[in-house]
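**Student:** Spelled out from the first residue to the last, the chains are:
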Amino acid sequence: MQPSSRTKPSSSSASKTQRRVDASGGNPVELQDVSLKFVSYHDKQYSLKRAALDLVLRRVNPMPASDFWALSHINLTIAKGDRVGIVGHNGAGKSTLLRLLARIYPPTSGLVKIRGNVAPLIEMGAGFNPELSGLDNIMLNGAMLGLARKQMAEKVEGIFGFTGLQEFADLPLKYYSSGMYTRLAFAIATEIDPDILLIDESLGAGDAAFVEKAKARIRGLLDRSNVVVIVSHDMTSLREMCTRGLWMNKGQVVADGPMGEIIDGYLASSAAQAG
Amino acid sequence: MNTRTTSSPPHAEFFPAPRSPAAPARILATIVEDAEQLRRFWPVVQNMVAQELRVRYQRSVLGFFWTLLNPILMMATLTVVFSQLLGDDPKKYAITLFSGIVPWGLLSGCLTECAFCIIQNEGLIRKIFLPKLIFPLTRVLINLVTMVLSFAALFLLLAPLGASFKAQMLLLPLIIALFTVFSLGLGLIVATMNTFYRDCSHLVTVFLQAWYFATPILYPATRFQNVPWMLALNPAYPFIRLFQNVISDGVWPSLTLFLAAAGIATVSLGVGYAAFKSNEAKLIFRL
Numbered sequence: 039m040q041p042s043s044r045t046k047p048s049s050s051s052a053s054k055t056q057r058r059v060d061a062s063g064g065n066p067v068e069l070q071d072v073s074l075k076f077v078s079y080h081d082k083q084y085s086l087k088r089a090a091l092d093l094v095l096r097r098v099n100p101m102p103a104s105d106f107w108a109l110s111h112i113n114l115t116i117a118k119g120d121r122v123g124i125v126g127h128n129g130a131g132k133s134t135l136l137r138l139l140a141r142i143y144p145p146t147s148g149l150v151k152i153r154g155n156v157a158p159l160i161e162m163g164a165g166f167n168p169e170l171s172g173l174d175n176i177m178l179n180g181a182m183l184g185l186a187r188k189q190m191a192e193k194v195e196g197i198f199g200f201t202g203l204q205e206f207a208d209l210p211l212k213y214y215s216s217g218m219y220t221r222l223a224f225a226i227a228t229e230i231d232p233d234i235l236l237i238d239e240s241l242g243a244g245d246a247a248f249v250e251k252a253k254a255r256i257r258g259l260l261d262r263s264n265v266v267v268i269v270s271h272d273m274t275s276l277r278e279m280c281t282r283g284l285w286m287n288k289g290q291v292v293a294d295g296p297m298g299e300i301i302d303g304y305l306a307s308s309a310a311q312a313g
Numbered sequence: 061m062n063t064r065t066t067s068s069p070p071h072a073e074f075f076p077a078p079r080s081p082a083a084p085a086r087i088l089a090t091i092v093e094d095a096e097q098l099r100r101f102w103p104v105v106q107n108m109v110a111q112e113l114r115v116r117y118q119r120s121v122l123g124f125f126w127t128l129l130n131p132i133l134m135m136a137t138l139t140v141v142f143s144q145l146l147g148d149d150p151k152k153y154a155i156t157l158f159s160g161i162v163p164w165g166l167l168s169g170c171l172t173e174c175a176f177c178i179i180q181n182e183g184l185i186r187k188i189f190l191p192k193l194i195f196p197l198t199r200v201l202i203n204l205v206t207m208v209l210s211f212a213a214l215f216l217l218l219a220p221l222g223a224s225f226k227a228q229m230l231l232l233p234l235i236i237a238l239f240t241v242f243s244l245g246l247g248l249i250v251a252t253m254n255t256f257y258r259d260c261s262h263l264v265t266v267f268l269q270a271w272y273f274a275t276p277i278l279y280p281a282t283r284f285q286n287v288p289w290m291l292a293l294n295p296a297y298p299f300i301r302l303f304q305n306v307i308s309d310g311v312w313p314s315l316t317l318f319l320a321a322a323g324i325a326t327v328s329l330g331v332g333y334a335a336f337k338s339n340e341a342k343l344i345f346r347l
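Protein sequence lines correspond, in order, to chains A and B.
Position one of the first sequence corresponds to residue 39 (the working numbering), numbered consecutively onward.
Position one of the second sequence corresponds to residue 61 (the working numbering), numbered consecutively onward.
Just chain B, with the same shape it has in the complex:
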């Protein structure tokens, strides 16, 4: 009957989407459709992000500073303890720590929150059609905003300790973008898994904790000299390294490092997207 050629505005929707015989064309069609859906429902994402941030920050004047209290205390303690243990200059250590621990907050926030993003929005999903991608996306964006705000605020606080603006920091938007893509990919995987297997979130927590200690955030990467494969196997390391390069070391990151980060981010998003999309239709029956 109706072929795809007839679809013109007002938007006609076909479920399941018309099948292209070839896999690449089908994948492309899915991506195009998702892009279109996200564009259409972008105001919902904006609204959900704004709402969440408002609740977190606006209710009290000190709201934002309360959320900074945790990282500040954490960083102070870690600086005192680890600069002693490692015999580093505390000021320098604090800045290195800062450049790694703030991005890590994005990753861990994304993973723990994405795990529940589908389950928590059950009410919405069962009542109204929304592209389900917006739920993990919203969590990631909220964490992204939090990270950028923490970066700015903590940077100012660290200024007396010698944190200063460096030209290399102009690369930060790009690095943050890559790291966000990486986090989103993992977030999509976790969101899918946890909806099917509800104990996944516990594993994620444990896994994140282990991963955190295995990544050179609290200690310099040079400590891994004897076991370089541990760094090579850590997909978060290139990103953290990039952050440390531009924020604390003040050196231009190597192109190799950038390409590694970009590659890992792409693979992460690709796998996450594939995992999410192939299970998207089943999600509603698992709520």
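So here's chain A without its partners, still in its complex pose:
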């Protein structure tokens, strides 16, 4: 099963005139033969005591660990303006791929090239400090996403404008409802105008009106020629928002093409398996 690497008719070195991410003459995201091995240690509390005992008793396999390839031999190029939706069964490696793009996991082998700012919306409110006020959290989150304080201060108004949480700006985050939490996280990640936005299953949260607003906002981001990668089981959203689909299975990209076709293929295959 050879993962297909699609080559878009886009520039790899030629068009240096294009603005933003293409200044370096490449695609925002390039993965070359990337594999990621997960080693899960059955005993996270492995101790020096055990290590010493293992050494003394000459145990052959001192650390009980199992490994599996969460991603294997992924070749992927994402061009500017691509809205990529990733589908696949649970455990297919979708979220892992997203985390790899967010630089949370290092690749075991292969090369990952990311050009531009990455805003991961992998888990809502990553890096939020519940003790801090909404405003402080905006500043903190901005810092974590690599923005200078001054840059972030300019965006505060926009964030509150979008979320409608201005009146709660000084309230510690622990008193926010989960919807408010989500809205704030989403607004920060999108307001910083990232070159690459990574979203994992997060659109489900929030009320209906917010979901609509969120979708509109993602479309707005796309118009500014950024890259969006979405992992979701919500086929309707994916169909609406994405132009390109990736179908992942067992850590590999098994199909890559227009979102509609990928979803149809995926649903048909799922139905066939279920039936």
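If you're looking for bench data, these hints aren't it; they were derived computationally from the structure.
Beta carbons are placed, not taken as given, at the ideal position from N, Cα and C, and that holds for glycine.
Be aware that a few hints might be false.
[What the hints assert, rightly or not] Covered by chain A, per the in silico footprint, the following chain B stretches (three or more residues, Cβ under 8 Å):
| hint | stretch |
| --- | --- |
| 1 | 97-103 |
| 2 | 178-192 |
| 3 | 257-267 |
| 4 | 336-346 |
[Claimed, not checked] Which chain A residues stay away from chain B? Per the calculated CB distances, all over 12 Å, these:
| hint | residue |
| --- | --- |
| 5 | V156 |
| 6 | L203 |
| 7 | N287 |
We have chain A already, so just place chain B on it with the hints.
**Tutor:** Chain B in isolation, oriented as in the chain A frame:
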């Protein structure tokens, strides 16, 4: 395909970083990259330090004084007991003790807190990319601020006992910087070790306790006259000696002492950095 020469703003990131064939160049590239990362994420460090200090000191008006209560009581007890045992002048003893025990607080605070800095920030590390160096660095900076504040406050309290400003104290920033570098190096080692072997922190506690008593803080170094090798083997001793020189003895430290401290600090940071960096990528799989 893309070579490094093409990387220009906006910052392109390559993982793993492009490999230089020669080891020195690779090490240099790693250090340069880390410096760049730290510069970029410096606001996060600032924020985390400020946040921690705020929680500790701002919640109650007396917050800072409560944290001083422990060293004050400790110093009072030790002064009463040990000045009797050693037959020293209690006032003089108190000041000598002060000049050693406050820096020791930095070292022990750094080591005990760094041990857990990666594990405690699991939530962050699994959700968002941050250069992992910032976690031990944050702990060290918090302890540094605490130490400077304690120095200032306790110094004022000791003024009636004869603590006075001496010209030699102008060297304090340099000494503190060296000692902080030393602590950071050890902190990095402990942070790495404890993430892999979770019982390391217990050992650190025990080890610190033993080290504390083996270092001339509670008693003068002259007591080691017959066993000078014990002092020579103690990497913390030059630093403590420097502090005592400028704060309590009021003498200019010898250049040899400074060079020894600088050398030890460099080695500590070098080893700590190497240990941390070579395991940095594996840390996330151990959380």
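**Student:** Against the structure shown, which of the earlier numbered hints fail to hold, in ascending order?
**Tutor:** Number 5 only.
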